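Once you have looked at the hints, place chain Z on chain C.
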Amino acid sequence: MTDQPGEPIIRVRGLVNRFGAETVHDGVDLDVFRGEVLGVVGASGAGKSVLLRTIIGLNRPAAGDVEAFGSNILTMSNNDQREIEKHWGVLFQDGALFSSLTVAENIEVPIKEYYDMPMRLMDEIAAFKVGIVGLPEGTGEKFPSQLSGGMRKRAGLARALALDPEIVFLDEPTAGLDPIAASEFDILIRDLRSSLGLTVFMVTHDLDTLFAICDRVAVLVDKKLRVGTPQQMVQDNHPWIHSYFHGPRGRAALLSETGHLGQEEMRARASV
Amino acid sequence: MAAVAATLDKTEAAGSLVLAAAGEWLVATAAELDRRLRALEIPAGRRVTLDLAGIDRLDTTGAWLLLRTEHFLTERGNAVEMRNLRPSFEPLIDQVRATGIIAPARHPQPAHHSLVGFTARIGESSLGLIARAYSILGFFGIVCAASLRMARHPLRIGITPIVAQMEQTGVNALPIVSLLTFLIGVVIAYQGADYLRFYGLESYTVQLTAASILRELGVLLTAIIIAGRSGSAFTAQIGTMRVNEEIDAMRTIGLDPVEVLVLPRLFALVLTLPMLTLCANFMGILGGGLMAWAKLGMGIPEFLTHLSTVARWSFWIGLIKSPFFAVIIASIGCYEGFQVSGSAESVGRLTTLSVVEAIFLVIVTDAGFSIFFSALQI
Numbered sequence: 001m002t003d004q005p006g007e008p009i010i011r012v013r014g015l016v017n018r019f020g021a022e023t024v025h026d027g028v029d030l031d032v033f034r035g036e037v038l039g040v041v042g043a044s045g046a047g048k049s050v051l052l053r054t055i056i057g058l059n060r061p062a063a064g065d066v067e068a069f070g071s072n073i074l075t076m077s078n079n080d081q082r083e084i085e086k087h088w089g090v091l092f093q094d095g096a097l098f099s100s101l102t103v104a105e106n107i108e109v110p111i112k113e114y115y116d117m118p119m120r121l122m123d124e125i126a127a128f129k130v131g132i133v134g135l136p137e138g139t140g141e142k143f144p145s146q147l148s149g150g151m152r153k154r155a156g157l158a159r160a161l162a163l164d165p166e167i168v169f170l171d172e173p174t175a176g177l178d179p180i181a182a183s184e185f186d187i188l189i190r191d192l193r194s195s196l197g198l199t200v201f202m203v204t205h206d207l208d209t210l211f212a213i214c215d216r217v218a219v220l221v222d223k224k225l226r227v228g229t230p231q232q233m234v235q236d237n238h239p240w241i242h243s244y245f246h247g248p249r250g251r252a253a254l255l256s257e258t259g260h261l262g263q264e265e266m267r268a269r270a271s272v
Numbered sequence: 001m002a003a004v005a006a007t008l009d010k011t012e013a014a015g016s017l018v019l020a021a022a023g024e025w026l027v028a029t030a031a032e033l034d035r036r037l038r039a040l041e042i043p044a045g046r047r048v049t050l051d052l053a054g055i056d057r058l059d060t061t062g063a064w065l066l067l068r069t070e071h072f073l074t075e076r077g078n079a080v081e082m083r084n085l086r087p088s089f090e091p092l093i094d095q096v097r098a099t100g101i102i103a104p105a106r107h108p109q110p111a112h113h114s115l116v117g118f119t120a121r122i123g124e125s126s127l128g129l130i131a132r133a134y135s136i137l138g139f140f141g142i143v144c145a146a147s148l149r150m151a152r153h154p155l156r157i158g159i160t161p162i163v164a165q166m167e168q169t170g171v172n173a174l175p176i177v178s179l180l181t182f183l184i185g186v187v188i189a190y191q192g193a194d195y196l197r198f199y200g201l202e203s204y205t206v207q208l209t210a211a212s213i214l215r216e217l218g219v220l221l222t223a224i225i226i227a228g229r230s231g232s233a234f235t236a237q238i239g240t241m242r243v244n245e246e247i248d249a250m251r252t253i254g255l256d257p258v259e260v261l262v263l264p265r266l267f268a269l270v271l272t273l274p275m276l277t278l279c280a281n282f283m284g285i286l287g288g289g290l291m292a293w294a295k296l297g298m299g300i301p302e303f304l305t306h307l308s309t310v311a312r313w314s315f316w317i318g319l320i321k322s323p324f325f326a327v328i329i330a331s332i333g334c335y336e337g338f339q340v341s342g343s344a345e346s347v348g349r350l351t352t353l354s355v356v357e358a359i360f361l362v363i364v365t366d367a368g369f370s371i372f373f374s375a376l377q378i
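Heads up: the protein sequence lines correspond to chains C and Z, in order.
Residue 1 is where the first sequence starts when you use the numbering used here, and the numbers rise one by one after that.
Residue 1 is where the second sequence starts when you use the numbering used here, and the numbers rise one by one after that.
In short, the hints are calculated from the structure, not lab data.
Keep in mind that the hints are not guaranteed to be accurate.
What the hints assert, rightly or not - Quick list of the computed label-pair ranges, beta carbon to beta carbon:
(1) Z:Ser-135 to C:His-246: 54 to 60 Å
(2) C:Ala-96 to Z:Phe-140: 52 to 58 Å
(3) C:Gly-197 to Z:Gly-54: 42 to 48 Å
(4) Z:Ile-320 to C:Asp-178: 55 to 61 Å
(5) Z:Thr-252 to C:Pro-248: 28 to 34 Å
(6) Z:Arg-349 to C:Gly-197: 42 to 48 Å
(7) Z:Val-356 to C:Ser-148: 31 to 37 Å
(8) C:Ser-148 to Z:Gly-54: 42 to 48 Å
Claimed, not checked - Here are a few chain Z residues that sit away from chain C, every Cβ distance over 10 Å (derived from the structure):
(9) Asp-9
(10) Asp-34
(11) Ala-105
(12) His-107
(13) Ala-211
(14) Ala-236
(15) Ala-249
(16) Asp-256
(17) Trp-313
(18) Gln-339
(19) Phe-373
Predicted model only: the values in this text are computed from it and were never measured.
Even glycine gets a Cβ: it sits at the ideal position worked out from N, Cα and C.
Looking at chain C on its own, in the form it has when it is part of the complex (with noise of 0.2 Å):
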């Protein structure tokens, strides 16, 4: 499983980010293949949100390089960035709706910015993006602070999804949803992908998410990053990776993905 398909979408090498005396990220290399799920994992402030604000541009690394789409992203031009973002969305862990706007207004904002387009389309475009997200109808009209944590996210998702990126960004997309809803949020991304080709940087805890719809999982431990499939990093001895994956909640996650799981690797589980 190491020869991937397609290309790198994100590159990042050698990835150096300090906080005042405090290491978080200490040559972190990754890349983004198209068309995969990668989920990042790690412990409470081991840096995965860093990591992803450090991909989209939001924090400047004290060292190391960031390619998105072929381009290094901290030496590009303003106007380069731009062009850029148009390819990926972003969903923030809270959604991170603009407040004063309803959910539809919100959703063309991006569409707003980068194309000329009648308000009729845009309104139209709108109302189909809150469907596919799987909002009821109606949730358009309403402003986020009516809106459950659950429903904001679908919502943020609506509005990272209203360009039809290539790539999109996750900061915990299950978090505090329920499990239905999770389990429902886990279908939608893996249907994104297998009909829009979508990539997806997904920084998750769930270990029912990794297993249900990543392709590969990387995994921040002492500052720096691990990558494989899941199957790949189950059998990791990295303390920490081990318990994360054997823990009482990782054993049951995979087992209910048990699937995916050669007999050979059953075997490797079962005398852990």
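Relative to the frame of chain C, chain Z by itself:
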């Protein structure tokens, strides 16, 4: 980015109308495609074939446009058939089809412009004003009750939060209060000296400056600065805590938010505002004196002689008002903070409101004091 092109051609074929879609059906080309789709004239009842063979790239917006066309034509009674779609686009079409065509959301209605709407709004805001006044009075009652409870158990009063608030609202406000009242003193003396010289009374400049600053301007300016500086901070602090559910957390632990949040701010401001006023008065008179020296060449002994003729009551009248203003500013600031609900946006709105209300009430109260003192003939 290369020029994106999407096309839509209408041709007549045996028995049906063929719409050939080709090129890149993406969000980038959606506006143009929408225009062409709306311009299409298709007679009702005709068979329509959507030929999708030429589509090179398709995203959800493009797929949705195709399905909207299909939906629209079917509704009108045309038989529609889609064909030659590339197999790789099928999952996308299926997913978009599963979502269906949804009516667009209405935009929030702007305010009514009719006469009835205008009158209704005046009525609504008047009733809202009465309700708010009632609610502020209620809050003030709660604060008074909590203060009385505190007075019965003085040991429960936390000194540290009061001192911390005094530092923030008092010590930190000292530079700006001093500077502004100094400048006001300078301005009054400068302008006053010109007018008084016209009547040959320029030596009374000191009396003019001192009386106006001691009686009104010192305390009023200080209260207005503190309303803008600390009243707004109270609203923002308490409002943010409400958004974060910190107030609810306090209640569940058994802490009384009024005792923990309001009383320290109230007590601190009641103590600091008179002190700030004292400082403001001093700086204002200093400014006036400096101007009298610069413009009229008045020396210190002469200045002090003039100053001592200003009625002592002027000083006390100014100072007596300041704790009342402090209560108004702290109560309004905290009250508006508790009114925050849900979004961070309401924090901003209520912070503005709290400053406006506090300044309004301070000036109204000041007018009341004016009448009161003139009735007492001091």
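Here is what the structure says about each hint:
1. Take Z:Ser-135 and C:His-246: their Cβ atoms lie about 57 Å apart, and the range 54 to 60 Å holds.
2. Under the hint 52 to 58 Å, the C-beta atoms of C:Ala-96 and Z:Phe-140, about 38 Å apart, miss the expected range.
3. The given range of 42 to 48 Å is broken by C:Gly-197 and Z:Gly-54, whose C-beta atoms sit roughly 20 Å from each other.
4. The hinted range of 55 to 61 Å is satisfied by Z:Ile-320 and C:Asp-178, whose Cβ atoms lie roughly 60 Å apart.
5. The beta-carbon spacing between Z:Thr-252 and C:Pro-248, approximately 29 Å, falls within the hinted interval of 28 to 34 Å.
6. Hint check: Z:Arg-349 to C:Gly-197, Cβ distance near 44 Å, so the stated range 42 to 48 Å holds.
7. Judged by the Cβ atoms, the range 31 to 37 Å given for Z:Val-356 and C:Ser-148 holds: they are separated by roughly 34 Å.
8. Distance hint check: the CB atoms of C:Ser-148 and Z:Gly-54 are about 44 Å apart, consistent with the given range 42 to 48 Å.
9. In this structure Z:Asp-9 is separated from chain C by more than 10 Å, as the shortest Cβ-Cβ distance comes to about 21 Å.
10. Listed as outside the interface, Z:Asp-34 is inconsistent with that label: its C-beta sits roughly 5 Å from the nearest C-beta of chain C, within the 10 Å cut-off.
11. The non-interface label for Z:Ala-105 is inconsistent with chain C: the shortest C-beta to C-beta separation is roughly 3 Å, within 10 Å.
12. With a minimum CB-CB distance of about 7 Å to chain C, Z:His-107 fails to clear the 10 Å threshold, and the non-interface call is violated.
13. Every CB of chain C is more than 10 Å from the CB of Z:Ala-211 (nearest about 48 Å), matching its label as outside the interface.
14. At roughly 16 Å from the closest C-beta of chain C, the C-beta of Z:Ala-236 stays outside 10 Å, upholding its exclusion from the interface.
15. No beta-carbon of chain C comes within 10 Å of the beta-carbon of Z:Ala-249; the shortest separation is about 18 Å.
16. At roughly 27 Å, the least C-beta separation between Z:Asp-256 and chain C is larger than 10 Å, which holds for a residue marked as non-interface.
17. With 10 Å as the threshold on Cβ separation, the claim that Z:Trp-313 sits away from chain C holds: the shortest Cβ distance comes to roughly 51 Å.
18. Residue placement check: Z:Gln-339 keeps its beta carbon more than 10 Å from all beta carbons of chain C (closest about 14 Å).
19. Here Z:Phe-373 stays apart from chain C, with its beta-carbon at least about 46 Å from theirs, past the 10 Å limit.
Hint compliance for this structure: hints 2, 3, 10, 11, 12 are broken, all remaining hints hold.
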